[in-house]
Amino acid sequence: MYSNSRVVAVIGAAGSGKRMAASVPKQFIKQQGRTILETTVSKFTDCDFVDEVMAVVPPDYVDGCRKLLPGVRIIPGGEERQDSIFAAIRQLDREDPEGDTIVLIHDGVRPFVTQDTIRAVTEKAFEKGAAIAAVHTKDTIRHIDEGTLDRSKLYNVQTPQGFRLSLIREAYEKAFAEKYYGTDDAGLVERMGVVPEVVIGGEENIKITTPRDLRREMRVGTGYDVHRLDPGRKLVLGGVLIPWNKGLLGHSDADVLTHALMDAMLGAAALGDIGKWFPDSSPKYEGISSIILLKKVASLLNDEGYELVNADVTVICQEPKLAGYIQAMRENIAKATGVDMAVISVKATTTEKLGFTGRGEGIAAEAICLIREVPKGGNPGTEA
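Once you know that position 343 of the sequence shown is 343 in our numbering, the rest is easy, because the numbers rise by one and skip nothing.
Keep in mind the hints are simulated off the structure, nothing from the lab. Honestly, I wouldn't trust all of these hints.
To be verified - Ranges between beta-carbon positions, derived for each pair: (1) L154 x E331: 46 to 56 Å; (2) E80 x S42: 24 to 34 Å; (3) A328 x R119: 53 to 63 Å; (4) R212 x L149: 43 to 53 Å; (5) T140 x A328: 46 to 56 Å; (6) E331 x R151: 45 to 55 Å; (7) T349 x S281: 24 to 34 Å; (8) L154 x R119: 38 to 48 Å; (9) R66 x R228: 22 to 32 Å.
We put the CB at the ideal spot given by N, CA and C, even for glycine.
Given only the sequences and the hints, what does the whole structure look like? Please build it.
This is the structure we're talking about:
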């Protein structure tokens, strides 16, 4: 409630999101473990002055959204945004014929709206009957016929847009009677001669429209590995066989470089380490190529919704000299992880004959990597 007026948020989420070019409508793309729509809805359910949240969704997603959004009234949407929002307004009209309810209409793909903006729009809608969130235009706008426009009078309009139910109901009825379809709710109200109050919103309150608008979670991981040198073994680093009189001792091919990278990638995704996934007690990993295991790690990350952005690996050994093999190592790693070789760095250094690597007893490697979230999603009604 706000000053004894019921406040209802209507989240418009029935669009197909064609410009996103994703496999699902953009409001159902997952970020950091939950859909964009869930995040958007939570901004309103967390407001103590919002009495109810309604979400208008594609008809095929109604059942799934009832499970996804408990406590939220789910309404099947129409062909156009205006049809969808009007479906919610009609339901509210039946419950409040007097039209005193404050209706906050918000885009389902504006998940970064703040509670301060929601409250400010609610206050102005209560006082004036109509209010919108907007930010000052930063770019210079030129009208093709009239030249450069006065930027001080221009705003980029956002949501939420708040209205008395009686006003927005009348605006919608007038628009439909005249077969008029607007681009937002404020435009329908303005056709009645009512100018909504402008509340300064936030620059962060963007509408997610294209892949570039998605904020992807970034994670960093580090890895370190050591293997003892043994005269009876082959030396494999980064999937490259290095001609030398010693090799690294281990259950697999003991590719210390690749092991360090795998641990970095697994660590970044909080998936443990290579010992968890490829235990040296398992016969199936005996002598296996670590590049094969690296492919499996890349697949594990993808299953968790992450992809490798870049990696930097350093091999620490006194000898042999590795400069002539670095390029082939980078190629192998890039191919196994499905990235461009340009984002894979491999270096070699010595310890100036200090320590176990300097004495030629073993080889060490350390790695650091960056991974990012891959937008994923699906119809919540079909998920396991």
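Is 46 to 56 Å a correct range for the gap between the Cβ atoms of L154 and E331?
-> For E331 against L154, whose Cβ atoms are near 52 Å apart, the range 46 to 56 Å holds.
At the C-beta level, are L154 and R119 separated by a distance inside 38 to 48 Å?
-> Violated, since L154 and R119 (Cβ atoms, about 25 Å apart) do not stay within the stated range.
So the hint says 22 to 32 Å: do the beta-carbon atoms of R66 and R228 match that?
-> Violated: the Cβ-Cβ distance is about 59 Å, outside 22 to 32 Å.
Do the beta carbons of A328 and R119 sit within 53 to 63 Å of each other?
-> 60 Å, holds
Kindly confirm whether 46 to 56 Å is satisfied by the beta carbon distance between T140 and A328.
-> Since T140 and A328 have Cβ atoms about 52 Å apart, the given range 46 to 56 Å holds.
Falls inside 24 to 34 Å, the C-beta gap from E80 to S42?
-> Since E80 and S42 have Cβ atoms about 26 Å apart, the given range 24 to 34 Å holds.
Mind checking the hinted window 43 to 53 Å against the Cβ distance between R212 and L149?
-> At roughly 26 Å between Cβ atoms, L149 and R212 fall outside 43 to 53 Å, so the hint is violated.
Note whether the CB distance of T349 and S281 lies within 24 to 34 Å or breaks it.
-> 33 Å, holds
Using the Cβ atoms, figure out if E331 sits within 45 to 55 Å of R151.
-> 51 Å, holds
In this structure, the earlier hints numbered 4, 8 and 9 are contradicted, and the remaining ones agree with it.
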